[in-house]
Amino acid sequence: MKKIILFMLILLSFTGCSYHNKENNNSQKQINTFGEEKNEKDTIVQTETPITTPTVTPKIIKNNNIDENELLNNLKEICKSPRKFDTDGEDSALDYLINKMTEYGYRTQTQEFYVYNKTIKDIYSATLWEYFNKYTDVKDSVGKGMNLIATTAHPDNKKTLYITAHYDTTTDTNGIRDNGSGIVVAMEIARQLQGINLPINIEFIFFSAEEAGMQGSSYFISRLTKEEKDEALGCINIDVVGEKGNNKVALKTYSYQMNALSLLMDEYHKFQHSRSEASDHTSFYMGGIPAIYFADENAKIKDDTNNPLEELDIEKLKELTRIIYNFIITFNIDDYYNLIKSSYTQKYTNLPKEETINNYSLIQVNKILREDGAGSFNQYIWKSKKGNLVEITEKDNRFLVENLEKEIQTFHSYNQYTKYKVYEKNNRIIVKYVVALKFYELKGTISKDEALKLLNKQENVTYELHL
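Counted the way UniProt numbering counts, the sequence shown spans residues 1 to 467.
FYI, nobody ran anything at the bench for these hints, they're computed from the structure. Hints may contain errors.
Listed next, the in silico DSS-like pairs over lysine-lysine satisfying Cα-Cα at most 30 Å (straight line) [claimed, not checked]:
| # | residue 1 | residue 2 |
| --- | --- | --- |
| 1 | Lys-353 | Lys-406 |
| 2 | Lys-432 | Lys-443 |
| 3 | Lys-59 | Lys-80 |
| 4 | Lys-158 | Lys-341 |
| 5 | Lys-419 | Lys-432 |
| 6 | Lys-134 | Lys-438 |
| 7 | Lys-118 | Lys-158 |
| 8 | Lys-386 | Lys-406 |
| 9 | Lys-244 | Lys-158 |
| 10 | Lys-383 | Lys-421 |
| 11 | Lys-385 | Lys-438 |
| 12 | Lys-316 | Lys-353 |
| 13 | Lys-443 | Lys-457 |
| 14 | Lys-419 | Lys-453 |
| 15 | Lys-353 | Lys-386 |
| 16 | Lys-386 | Lys-316 |
| 17 | Lys-421 | Lys-432 |
| 18 | Lys-62 | Lys-353 |
| 19 | Lys-367 | Lys-425 |
| 20 | Lys-385 | Lys-421 |
| 21 | Lys-385 | Lys-341 |
| 22 | Lys-347 | Lys-432 |
| 23 | Lys-438 | Lys-229 |
Label-pair restraints from in silico Cβ distances [as the list claims (entries may be wrong)]:
| # | residue 1 | residue 2 | range |
| --- | --- | --- | --- |
| 24 | Ile-333 | Asp-449 | 48 to 56 Å |
| 25 | Ala-436 | Glu-354 | 23 to 31 Å |
| 26 | Lys-139 | Leu-389 | 53 to 61 Å |
| 27 | Leu-309 | Asn-246 | 29 to 37 Å |
| 28 | Lys-341 | Ile-60 | 24 to 32 Å |
| 29 | Ser-413 | Lys-457 | 16 to 24 Å |
| 30 | Trp-129 | Arg-428 | 34 to 42 Å |
Built from N, CA and C at the ideal position, the CB exists for glycine as well.
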């Protein structure tokens, strides 16, 4: 791969395309969680692609407009061998992706980064700082990964929608399901979109080191500037789709949270909903960007030894390609921002089971869109036998406003894992309560002791509600 990159750099020197070469030293600048400064040592290698002004009018497509042979050929070429990060197999797949995306009319650039041995806690229980910044010492790295970013020539004043799929695998599989299937869907969407003038930017990213804990996507997000994050409409991530049989493709979000993108997709096409934190959409969520993730509901990860190509349903891949493509070309940016401004709320009164705590019964749960549109929070309404109502909101405490973060530092300890603070006014009580990554706020006519008991039990009553 190094020889190939060297050849590309020499070629670029003749074509006049600019690039930034990585300096040879063993230090990396501290990554800013909010991406306000890019590392000057990032490897950026660009390919020069002749791109003319888009002239094609977007049209709704059907399954038969999708080239089945192109899907299959791409799948076979990419999945010739395992593609663990920093291996020849991944390098070969990257070269193929660069060539095909260039053929489709896109400008490509690679983004190199160091890979580390992350723990489960580093991935699923991390603060924002830990998720993006904990590992920066090159001496601790176990190799390098290489993201591929493909963009069209477009004005810089447009908002951007990201289409993503990881192209790496574990060591023991050629990764036809995980994630050759997602790669070829993203590639076909790119091919169908070539030459089309849209009111938004579409950027395709093929991530490395997803199997090592979403490290390619977390690195990508950490390098975005604040302005680039503000311009991001969201991410559509595709990972393990199209298995034959009754296994349907589901729309998954982080912890069942709704976001502006998931709500717009619901309006366009009704998918079965599910939750997952185990793919690259998590990095976008952690970066405050709306993200949805398409995957088979009960996905098989590893390929079977007997011709795994026969276990994929090409019609399912074509169907998903069609839906995402048509969603993109009909995307209405005004609807997107009106939705975010609306404080959109889903109300649930027919709860899956009756829940009673300390003479209080749960009568309603609301799911409310966050102000940034990148996630949602839950609101629980409890009613006592005497008719008193208590409202409890539950939020991800990693996205609290700065003033509230400072306020939490003054909270009292309730137990080893929990802190709280009580505010009383006009016989009403407000209790703010923090445990692990959750922040609760209780409001109502209730005693302090009852409130704390209710909050302590509320931790185990979270409903993963979805459409």
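Verification of the supplied hints:
1. Lys-353 <-> Lys-406: 37 Å, violated
2. Lys-432 <-> Lys-443: 9 Å, holds
3. Lys-59 <-> Lys-80: Roughly 34 Å between the alpha carbons, so the hint for Lys-59 and Lys-80 is violated.
4. Lys-158 <-> Lys-341: 20 Å, holds
5. Lys-419 <-> Lys-432: Since the Cα atoms of Lys-419 and Lys-432 sit roughly 8 Å apart, the hinted pair holds (cutoff 30 Å).
6. Lys-134 <-> Lys-438: 21 Å, holds
7. Lys-118 <-> Lys-158: 35 Å, violated
8. Lys-386 <-> Lys-406: Distance of about 36 Å is beyond 30 Å: violated.
9. Lys-244 <-> Lys-158: At roughly 39 Å apart (the allowed maximum being 30 Å), Lys-158 and Lys-244 break the hint.
10. Lys-383 <-> Lys-421: Given that 30 Å is the threshold and the Cα spacing comes to 22 Å, the pair holds.
11. Lys-385 <-> Lys-438: 28 Å, holds
12. Lys-316 <-> Lys-353: Distance of about 35 Å is beyond 30 Å: violated.
13. Lys-443 <-> Lys-457: 16 Å, holds
14. Lys-419 <-> Lys-453: 13 Å, holds
15. Lys-353 <-> Lys-386: 21 Å, holds
16. Lys-386 <-> Lys-316: Violated, at roughly 54 Å.
17. Lys-421 <-> Lys-432: 5 Å, holds
18. Lys-62 <-> Lys-353: 42 Å, violated
19. Lys-367 <-> Lys-425: 27 Å, holds
20. Lys-385 <-> Lys-421: 26 Å, holds
21. Lys-385 <-> Lys-341: Violated, because 37 Å separates the two Cα atoms, which is more than 30 Å.
22. Lys-347 <-> Lys-432: Holds. Lys-347 to Lys-432 sits at ~23 Å (cutoff 30 Å).
23. Lys-438 <-> Lys-229: Satisfied, since the Cα-Cα distance of roughly 24 Å is no more than 30 Å.
24. Ile-333 <-> Asp-449: 48 to 56 Å: 50 Å, holds
25. Ala-436 <-> Glu-354: 23 to 31 Å: 26 Å, holds
26. Lys-139 <-> Leu-389: 53 to 61 Å: 57 Å, holds
27. Leu-309 <-> Asn-246: 29 to 37 Å: 20 Å, violated
28. Lys-341 <-> Ile-60: 24 to 32 Å: 28 Å, holds
29. Ser-413 <-> Lys-457: 16 to 24 Å: 19 Å, holds
30. Trp-129 <-> Arg-428: 34 to 42 Å: At roughly 35 Å between Cβ atoms, Arg-428 and Trp-129 fall inside 34 to 42 Å, so the hint holds.
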